[in-house]
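There are 2 protein chains.
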Amino acid sequence: MSAGWFRRRFLPGGPLPAPRPPRPRASPVPYRRPRFLRGSGSGPGSADAPRRPDARPVRSPARGRALPWNAGYAEIINAEKSEFNEDQAACGQLCIRRCEFGAEEDQEWLTLCAEEFLTGHYWALFDGHGGPAAAILAANTLHSCLRRQLEAVVEGMVALQPPMHLSGRCVCPSDPQFVEEKGIRAEDLVIGALENAFQECDEVIGRELEASGQVGGCTALVAVFLQGKLYVANAGDSRAILVRKDEVRPLSSEFTPETERQRIQQLAFVYPELLAGEFTRLEFPRRLKGDDLGQKVLFRDHHMRGWSYKCVEKSDLKYPLIHGQGRQARLLGTLAVSRGLGDHQLRVLDTNIQLKPFLLSVPQLELQEEDVVVMATDGLWDVLSNEQVARLVRSFLPGNQEDPHRFSELAKMLIHSTQGKDDGPTGEGQVSYDDISVFVIPLHSQGQRSSGH
Amino acid sequence: MSAGWFRRRFLPGGPLPAPRPPRPRASPVPYRRPRFLRGSGSGPGSADAPRRPDARPVRSPARGRALPWNAGYAEIINAEKSEFNEDQAACGQLCIRRCEFGAEEDQEWLTLCAEEFLTGHYWALFDGHGGPAAAILAANTLHSCLRRQLEAVVEGMVALQPPMHLSGRCVCPSDPQFVEEKGIRAEDLVIGALENAFQECDEVIGRELEASGQVGGCTALVAVFLQGKLYVANAGDSRAILVRKDEVRPLSSEFTPETERQRIQQLAFVYPELLAGEFTRLEFPRRLKGDDLGQKVLFRDHHMRGWSYKCVEKSDLKYPLIHGQGRQARLLGTLAVSRGLGDHQLRVLDTNIQLKPFLLSVPQLELQEEDVVVMATDGLWDVLSNEQVARLVRSFLPGNQEDPHRFSELAKMLIHSTQGKDDGPTGEGQVSYDDISVFVIPLHSQGQRSSGH
Chain A
77 MSAGWFRRRF LPGGPLPAPR PPRPRASPVP YRRPRFLRGS GSGPGSADAP RRPDARPVRS
137 PARGRALPWN AGYAEIINAE KSEFNEDQAA CGQLCIRRCE FGAEEDQEWL TLCAEEFLTG
197 HYWALFDGHG GPAAAILAAN TLHSCLRRQL EAVVEGMVAL QPPMHLSGRC VCPSDPQFVE
257 EKGIRAEDLV IGALENAFQE CDEVIGRELE ASGQVGGCTA LVAVFLQGKL YVANAGDSRA
317 ILVRKDEVRP LSSEFTPETE RQRIQQLAFV YPELLAGEFT RLEFPRRLKG DDLGQKVLFR
377 DHHMRGWSYK CVEKSDLKYP LIHGQGRQAR LLGTLAVSRG LGDHQLRVLD TNIQLKPFLL
437 SVPQLELQEE DVVVMATDGL WDVLSNEQVA RLVRSFLPGN QEDPHRFSEL AKMLIHSTQG
497 KDDGPTGEGQ VSYDDISVFV IPLHSQGQRS SGH
Chain B
77 MSAGWFRRRF LPGGPLPAPR PPRPRASPVP YRRPRFLRGS GSGPGSADAP RRPDARPVRS
137 PARGRALPWN AGYAEIINAE KSEFNEDQAA CGQLCIRRCE FGAEEDQEWL TLCAEEFLTG
197 HYWALFDGHG GPAAAILAAN TLHSCLRRQL EAVVEGMVAL QPPMHLSGRC VCPSDPQFVE
257 EKGIRAEDLV IGALENAFQE CDEVIGRELE ASGQVGGCTA LVAVFLQGKL YVANAGDSRA
317 ILVRKDEVRP LSSEFTPETE RQRIQQLAFV YPELLAGEFT RLEFPRRLKG DDLGQKVLFR
377 DHHMRGWSYK CVEKSDLKYP LIHGQGRQAR LLGTLAVSRG LGDHQLRVLD TNIQLKPFLL
437 SVPQLELQEE DVVVMATDGL WDVLSNEQVA RLVRSFLPGN QEDPHRFSEL AKMLIHSTQG
497 KDDGPTGEGQ VSYDDISVFV IPLHSQGQRS SGH
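Just so you know, the sequences run in chain order A and B. Under the numbering used here, the first residue of the first sequence carries the number 77, and numbering increases by one thereafter. Under the numbering used here, the first residue of the second sequence carries the number 77, and numbering increases by one thereafter.
Heads up, some of the hints might be wrong.
Using 27 Å as the maximum straight-line C-alpha spacing, the simulated BS3-like pairs for lysine-lysine come out as follows [to be verified]: (1) B:K386 - A:K305; (2) B:K365 - A:K386; (3) A:K394 - A:K365; (4) B:K365 - B:K386; (5) B:K394 - B:K365; (6) B:K394 - B:K432.
Using C-beta positions, here's what the derived DEER-type ranges look like [stated by the list, open to error]: (7) A:L443 - B:K365: 28 to 34 Å; (8) B:N428 - A:L393: 37 to 43 Å; (9) A:G475 - B:P326: 39 to 45 Å.
The hints are simulated quantities; they were obtained by calculation from the structure and are not laboratory data. Just so you know, even glycine gets a beta-carbon here, dropped at the ideal spot from N, CA and C.
Just chain A, same shape as in the assembly (with noise of 0.2 Å):
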């Protein structure tokens, strides 16, 4: 295997709609995207969209009812590692509708008649590789798919429990005490939504890359607001977490080849061909070599936590399913994150060996209530612990109260303590060379605005 064997085999993205230019390093500015409503999902980076009833034209800016842009703060920072931006956002308002719709409907009634839709809020950061080419095009879907979910389920979501039956045909005397014991409740149809708008993202990605001959994945980091309560969905190796007065809580946790080890050696064990007699399942401290043939080493396999000893044979010696440690650790030696959206032509390179089968694009989810998010790309991880983050933002805040753009300076503080040009207030000094892309989010404030609809 040659040296160049497990460099990313990505080229920058073709051309895709609307890019965002690259930004300069030394002045990141904060990110404005184009708000995005109803019908939104037309333009050219969800190509499904012509094929839904649901889907209409963009309706003009001017016509929308005020997006709350202090709802959520973004900076996003490009390191420069690639022409166009890597790291991609969205956020904005979600519209949901609440009743049925012909085709014929008039889009004045619809404007005119608010109580018919529940309104919420959405953020997303999405982490591209191998080209911006998967990041945009989750930039540009992902909230289309996920509206369409949640406008399929929305008649469960507002009932007092969600029933059996959408119709409200009550097929069997007791289905609502089947629900009931199943604990189903309308939270859990959002949580749903989330899950089936991944899959279908991820699905639309596929199809869009092929047809354009682009390639490349990405990580998706959501999280939705919506009747008073913050759902965060991940896949890939992005982080939410919690700051409040008194702790700071996950609100997602990474998947990487690393936290998601036993699953995939786990694949390999039931699909040994999925390997392609080309790699080991089994993990080593290190990678073998001749030398350790015969003698017994560390190893573990899909079924354990814990570590044993192996007598070492020649099959021993193959490159490692999973390889490296902590940042470093790739997946068939190519993959950095085992969740995501896109990657479906990705193979190891010179083989034909797929990465898809390993890299999923489900979710996982966490409903909270409270207080102040902070979505960032990895590159603000590299550098900052979730312990630092929310020291940095319980000294901003308090001193900030007056100001209206406490949250926006807030998310290019954390952005700068980054970049080791003045220490930072860690004081680590400590400096990240990766895009990096923050949220903050205040809930409260959000709850304030949109626990109704």
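Position chain B relative to chain A; hints supplied.
For chain B alone, coordinates are given in the frame of chain A:
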């Protein structure tokens, strides 16, 4: 499908080594199991022993060191569901050889050199189904598998840091650094040994049952106290909790078709042929019928923690892969647990559909260091919650500080409080009709007695 289609397909087990006679329901007596020491694995319950170089003749009890019988207190009740007790238990001292001895070594010398052994304590509960055969085999075998697994790694366990090579030879100068970076500690070797022991024991049970034409399976809940730490390994629906002065903490979690729904559905998604077209992978709040056809009903699939609606098709009317609610939930209409030992031959009645691919023998591991552990089979937990058991433990022990039999009495009291005879100290008078086994293990006195070796 007939009404009896989902009945457990087992008959009481045939002759097996030393099954305990059924105990009368009315008067549970303290359980005293013959102690096991090194080499006890050469009995008929562990057929692989003769092939191991370390399998030695059973040492006469009179020559072994005294077992700390007051280390754990067990109560077992037979609900008279079957001729033999389906609950089985084992406990005793684990003696792990620290040095390599040849087969010809003088037994006397071994006895004199106690410091060449690492000693620990072992408690295990096995809740059988389809007869007691698997539970009896597990009670007679698992400790031998564990001893062998521990002996295979003991040099690494007693080192300051487990070496990369068991020989201590350093093939690569930075080997200690690789081990350090992976964070591998001596505890991880004990965890790995427990995980491997479960796998090995499962294989032994599979071979033994097949050879003797018997069937069945069992859950396994194992606690091991070694080098001042408590390890709990669980596969099935028994439970261990830690009771401390101000808190109660679960030491295990249950593995049932409900708690492992996503793993099981995922396997059926990847391998649809495992269901032979007879089952549907999807979960619905109740089993669907013809009237539901064409309706949109609540469902969830392998990638969903939440719920959504789908239009019912004919294939959705099949029997569900997982059906029923709570303790009634069954895997393929057959099994109430999703992890355990045995069941290699188990098939859905009148079909060729195997349970084993969905059933794992992989335990979940917890590591603890303090206070009081209560281990019990499901009969106790059916009637008493963790909090109720904790309340009973906390109210009983302080008033009985001087009683040398107080832990034994506590185990007896816990079982009595499930029999509805005297309303028990809970005053709730709920009654269990299942076999019940209870261990009460005081950790601090364990720590004092055996933290050395």
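Right, here's what the structure says about each hint:
Restraint check: the Cα-Cα separation between K386 (chain B) and K305 (chain A) comes to about 25 Å, which is no more than 27 Å; the hinted pair holds. A distance of roughly 53 Å separates the Cα atoms of K365 (chain B) and K386 (chain A); the hinted pair therefore is violated under the 27 Å criterion. Distance check on the hinted pair: K394 (chain A) and K365 (chain A) sit about 9 Å apart at the alpha-carbon level, within 27 Å; holds. Note on K365 (chain B) and K386 (chain B): the hinted pairing holds, with a Cα-Cα distance of about 15 Å set against a maximum of 27 Å.
With a C-alpha separation of about 9 Å, the suggested pairing of K394 (chain B) with K365 (chain B) holds against the 27 Å cut-off. As the CA atoms of K394 (chain B) and K432 (chain B) are separated by approximately 21 Å, the hinted pair is consistent with the 27 Å bound. Against the hinted window of 28 to 34 Å, the Cβ-Cβ separation of L443 (chain A) and K365 (chain B) comes to about 33 Å, which satisfies the hint. Our hint of 37 to 43 Å for N428 (chain B) and L393 (chain A) holds, since their Cβ atoms are close to 40 Å apart.
Taking 39 to 45 Å as the suggested C-beta distance range, the pair G475 (chain A) and P326 (chain B) conforms, at roughly 43 Å.
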